[in-house]
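Between the sequences and the hints, there should be enough to build the whole structure, so can you do that?
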Amino acid sequence: MRKILSFYLLLAVFVINSGAGCGGRTTDEPESSAQAFLRMKINGKTWAATGKISGVAGKVPGIATQGIISFSGDSGKDNLTVNIYGTTSPGTYTILPQNANNSVAALSLSDGSVNGNYLSTKAPGSSLTVKVTQASDTRVSGTFSGTLNLEYALGTGTAGPTTVTITDGEFSTID
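Quick note on numbering: the sequence shown equals residues -20 to -1, 1 to 155 in mature numbering (1 follows the signal peptide of the UniProt record, and there is no 0).
Just so you know, these hints were derived from the structure itself, not from any lab. A hint or two may mislead.
Heads up, simulated BS3-like pairs for lysine-lysine below, C-alpha to C-alpha not over 30 Å straight-line [said to hold, decoys possible]:
id: 1; residue 1: Lys111; residue 2: Lys39
id: 2; residue 1: Lys25; residue 2: Lys57
id: 3; residue 1: Lys57; residue 2: Lys111
id: 4; residue 1: Lys57; residue 2: Lys21
id: 5; residue 1: Lys111; residue 2: Lys21
id: 6; residue 1: Lys32; residue 2: Lys21
id: 7; residue 1: Lys111; residue 2: Lys32
id: 8; residue 1: Lys32; residue 2: Lys57
id: 9; residue 1: Lys111; residue 2: Lys25
These numbers come from a predicted model, not from an experiment.
Below is the structure:
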């Protein structure tokens, strides 16, 4: 059941980050020259998203009617996704396993094949603190840090650490 819930939460962020149901930028609006980024240290090692970096703050009928702040990015087969439900405003949010609003932070780490680890704030002992400094339907930015523990293995076995400490996390998204 936990895997199914996690799957649907991640599916929701992909739908939200794709711009489905959101206003977005029109052709009359100027293109921002700022660059999106998502970077952090995982157990002291620098990690930076090299693929699509997405983020949004808003309300989505049927998915996040009370609002959501969401950001995600990937580097090869590794991916970080953070969903903070129940708000669209800047502030400091701590995501814990027992969050009543189903907020979640999830990090998937791959060994380059089909094996990997799915670490998240749904696993006991996990915690991620996110300080959102800017939140709109086109830009989300801030900082984050915390500890994520293994929720389940991907593929045929675990690959890498079963607990990660995230420090110096920072993000700025432009959609």
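Status of each hint after checking the structure:
Taken as a hint, the lysine 111 and lysine 39 pair is honoured in the structure, with Cα atoms around 19 Å apart against an allowance of 30 Å. For the proposed pair lysine 25 and lysine 57, the alpha carbon gap of about 17 Å is at most 30 Å, so the pair holds. Under the criterion of a C-alpha separation no larger than 30 Å, the hint pairing lysine 57 with lysine 111 is consistent with the structure, at around 26 Å. Pair hint lysine 57 plus lysine 21 holds up; C-alpha atoms about 17 Å apart against a cutoff of 30 Å.
At roughly 16 Å between alpha-carbon atoms, lysine 111 and lysine 21 fall within 30 Å of each other, so this suggested pair holds. Between the alpha carbons of lysine 32 and lysine 21 the distance comes to roughly 19 Å, so the proposed pair stays at or under 30 Å and holds. Proposed proximity of lysine 111 and lysine 32 is supported: the alpha carbons are some 22 Å apart, at most 30 Å. A C-alpha spacing of about 12 Å is found between lysine 32 and lysine 57, which places the hinted pair at or below 30 Å, so the restraint holds.
Between lysine 111 and lysine 25 the CA atoms are separated by roughly 21 Å; this keeps the pair inside 30 Å, and the hint holds.
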